[in-house]
Amino acid sequence: MIFSFLKDSGGFFRNSILPGFLKTKVVFCGIFFFSSLFNLHGKETQNQIDPFHHFMLIKTYQQEFDWLNPWNKKDVVTRSGVASVVKTGKGKLMLLTSADLVANATLIEARRKNASLPSRMHLNRIDHALNLALLESSEKSFFEGLKALEWEIAEKGEAELPVLNPGQKKPFQGEITRLTVGHRQVRDTWLPILQLSLKEIPPQGSIVIQKQKAVGMVLNGSQGNHNVLPLQLVKGFLTNGTGIEQTGLAHRGFQWKSFSQPSLAGFAKIPENLEGVWVSRVLPYGTGSEVLNVGDYLTHIGKWELSREGQIEHSKWGNVLFDALFLEDLEPGQEVELSLYRKGKRLKLTTKVGIYQENGNRVPMKIFEKPPRYLIRGGLVFQELTVNYLEVWGQNWQNRAPLRLRLFKQLDRSRIEKFSKLKNLKNQDQERIVILSQVLPDAVNIGYQELRNLVVKRANGRKVIHLESLVEALKQPQTGLHRIEFLPGSERVQVVLPVVELAKADARIKNNFQIPRFQSL
Amino acid sequence: MRTFKSLTLVLLLLLFTLCEGDVTIYAGENVAQAVVRITSYRQSPDWANPWRMKPTEAGHGSGFLIGNGWILTNAHVVSDSKLLLINKLSSPEPYIAQVEAMAHDSDLALLSVKDPEFYSDMTALEFGGIPKLRSPVQAYGYPLGGQDLSRTEGVVSRIEFGTYVHPGIDSHLLIQTDSAINPGNSGGPVIQEGLAIGVAFQSNLRLNDIGYFIPTPLIQRFLQDQLDGHYDGVPEIGIQTSSLLNQYQRQSLGLPEGAGGVLVERIIPRSSADGLLEVGDVLLEIEGKTIDRAGMVHYGEHRVDFFIEAEHLQVGDTVEFKVWRRKKLENLQITLKAPPFSDELRNTYDVLPEYLIVGGLVLIALNRDYLHSEGKQTPELAYEHWYREIEEPHTRRDQVVVVSRVLPASVNSGYSGLRHFVVHSLNGQSVMSLSHLMQMMEKLPNDTEFLVFESDWEPLPLVLDYHQSLETHQEVLNIYGISKDRRFHEPGGSEG
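So the protein sequences, as listed, match chains A and B.
Just so you know, we're using our numbering here: the first sequence kicks off at 1 and counts up by one.
Just so you know, we're using our numbering here: the second sequence kicks off at 522 and counts up by one.
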């Protein structure tokens, strides 16, 4: 049986604003011969871990939802990678791998050493912000003979990666060179990341070993340089994670700019040559979000002094972006003092280290595992605008998707700024952009069949802020006709549908287009 | 609505991109002697560096002699031209030509030649009307810029409203033919039975043998318009309409059984229809012609968009409508105006960019040309250009002022990488246009410490030391080889 690792890593740093070496997409190839793989009997020596005690190959069958036709699913895609045996916070053995590898999986198979058949694994928890997933088995004996990895905090220096490949009996040899900060596009998280120098291209989920201990998990990279999620983040996931997207990830609560304009500093009455960063946006979550204002000039986080480039002098890793503090120096809930200048006055504000949350966006971050929400009435297909929907236009959707739709996503950051200080943030969180994505042609909607991607503003005189509000509005027609209004400038500004005839038309359309359900909320 | 129709076809202006031509046939003497080859040496402005021009380039097109010693061609053949040369049939002798009138909105231009020798042995072509579908036509011109006149034959395939690529946002009547119309044919006549029935001007890259020509009603309107020495442009009604093909929508409007018409969904501010038509009106007739539920009227043997009825009219002419308003019939008369949208929405030609340089900041007024320059279409600029006026009309400004780039200098230290900063206010006052900004700066009191430019899109202001910007102004200009710190077209702003 041949496994080919031919898929990318899921875009950990895709399109990030980081330097090129952090943005590289990995395409790794390797051929693993399972038949011979299980005939190997490595012994764990003092200098070398037996990979078959701790690691195994997994094969996943992933099936994404069809966001264009939200009642359908797409074709199955097969991917492979590595999982490692870990002990969770409750002492249970499970397999650890990357979230990208198992997202939207319909079947996950793991093959143990000496097993003739693969074992079905079940997703226990997954975190797309960290790109981590835990798998468990319903077979009682699955973990017999397997050992959980021991973990240790990484240091600069030599590292190795055990290889599950009969043609490569020695582990790959590499070197951890530094700690940096990476951006995870699908969740807008900034994570401390280890840089691994390694000439080979290991599969996703591979574990990096230093002195017989695991120190991190390979996420992606290119030949020569790889991004490794450090132990501390893995450990937090193993101990704190309780289900889907329960990250508990300590995170900054603001965006910043490294402006070094003397004129701006003079205008803001900041002492000349004072190092620090401008707070350019306050996020609705994270460290400092409760106390910082846009325009604050942040000079210190705790005892650490910020440079104009947002770097701190770390005792272990040297100059690194301040987000690295959230690896082990600052933990969620811990009090921290922020030193800053505001309107010419020096301030010291105490806050608590906050965690990452996904909210404040009208167009939500990429959705995994959950089916698209939609509503069909009179052949008109309504959806909420999502990144998944925009990706119907491909990975280059930022240039190819309909301009008005993509602007909602691309300009959403400005809106976060505008609303981040509002107390009714929870209500704002739920607000979405409802679109008429397409029309299933029928006698009831003649004249509307060509309509696509129109933004719904009102229905029956009521404001539409999400699909639920549209459903409610359609329950309360003001006349014998439903009236749905779209954003000004749309190809058509309004449509009407008959109230009485709608049920009959819906039944006809459902049968004609083989739609299993007319709404999914 | 014409103004907001998206460009769905990949259309190609035929002037510069040269392709392999069809079989070349020498035309009959009467038509052939009236068709000329035009060589244009053009130079367009560099929108990224608005004080300078791009390198000169040469292009070839065609034209033909009509009455009054005029040569008719396409506007895109002669736009931004610095020197126009015309060659007669089989003659190596070039004649210098001048532009007499230009209609960028309908891609037409009139040229003349001062040398009377040019007109010897030439007879002007006469115009025909709208051809019948599937009737034969011949396209004359100089494809590939070659020395020999080419004639290709085909039939009329379709008559419809469509986008004119040259202005970018205007839609007018155009005629589709399968006669090969290749680059270099632009401006050449399309002939039927010895009469000019149109001017070849664009083709469709995605389809085989699809060429388009401008029909005579639009040409005649242009010729009439420019007679007083000033071109007013094709008037616009200024509305967005939608079809009423859906029976329930007709029912919701209380329309009588069997009625046609289209629904008015938006009135463009300051347009011909502003204050006369209303959102929710149903237009039943225009100039006595019934408008059907798809918005079409009979036009000879064809059915075309009802806007055709304003197509041949001039600014100041009136159009009669029969309107269904609040379930009653009304007759309305609308006096036509030029399009209400500003020039910044169209492609710009023969106009140099406005700009202002302050403290090394290059400030420009956002327009279509700037937005379509490589790398300029940021989400913020796209929203400002296309959507703000429609979605937030109360926040509209006369121009969107943008810091397009920064000329690095000590006065703007730290801002050298800044691009596309939309300026909404200066020192707390709203900026309505580039010239308004300049006037505001001229009135700043002496004790002003900082220039604080703020943007709705940016959380932090752009701040310059005011006095330092004045003191270093000339030095910055000298360093970057810029002779003038500003260019304005409006009376309010003088060229410095």
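Simulated from the structure, these hints should not be mistaken for lab results.
Treat the hints loosely; a few may be bogus.
[To be verified] Among chain A residues calculated to face chain B with C-beta under 7 Å, some are: (1) Phe259; (2) Leu347; (3) Pro498; (4) Val500.
[What the hints assert, rightly or not] Have a look at the derived ranges for each label pair, beta carbon to beta carbon: (5) A/Asp75 with B/Ser937: 44 to 52 Å; (6) B/Lys603 with A/Asp66: 50 to 58 Å; (7) B/Arg679 with A/Asp66: 34 to 42 Å; (8) A/Ala503 with B/Thr916: 39 to 47 Å; (9) B/His988 with A/Lys366: 30 to 38 Å; (10) A/Gly266 with B/Ser894: 48 to 56 Å; (11) B/Pro929 with A/Glu272: 19 to 27 Å; (12) B/Gln950 with A/Pro402: 30 to 38 Å.
[Claimed, not checked] To list a few chain A residues with every Cβ distance to chain B over 12 Å, as calculated: (13) Asn165; (14) Thr180; (15) Asn293; (16) Val455; (17) Phe486; (18) Val496.
Quantities reported herein were computed from a predicted structural model and do not represent experimental measurements.
Glycine included, C-beta positions come from ideal geometry on N, C-alpha and C.
Quick rundown of the hints versus the structure:
no. : hint                               : result
1   : Phe259                             : 6 Å, holds
2   : Leu347                             : 18 Å, violated
3   : Pro498                             : 5 Å, holds
4   : Val500                             : 11 Å, violated
5   : A/Asp75 with B/Ser937: 44 to 52 Å  : 49 Å, holds
6   : B/Lys603 with A/Asp66: 50 to 58 Å  : 55 Å, holds
7   : B/Arg679 with A/Asp66: 34 to 42 Å  : 36 Å, holds
8   : A/Ala503 with B/Thr916: 39 to 47 Å : 43 Å, holds
9   : B/His988 with A/Lys366: 30 to 38 Å : 50 Å, violated
10  : A/Gly266 with B/Ser894: 48 to 56 Å : 33 Å, violated
11  : B/Pro929 with A/Glu272: 19 to 27 Å : 20 Å, holds
12  : B/Gln950 with A/Pro402: 30 to 38 Å : 36 Å, holds
13  : Asn165                             : 45 Å, holds
14  : Thr180                             : 22 Å, holds
15  : Asn293                             : 10 Å, violated
16  : Val455                             : 10 Å, violated
17  : Phe486                             : 9 Å, violated
18  : Val496                             : 5 Å, violated
When held up to the earlier numbered hints, the structure conflicts with 2, 4, 9, 10, 15, 16, 17 and 18 and fits the remainder.
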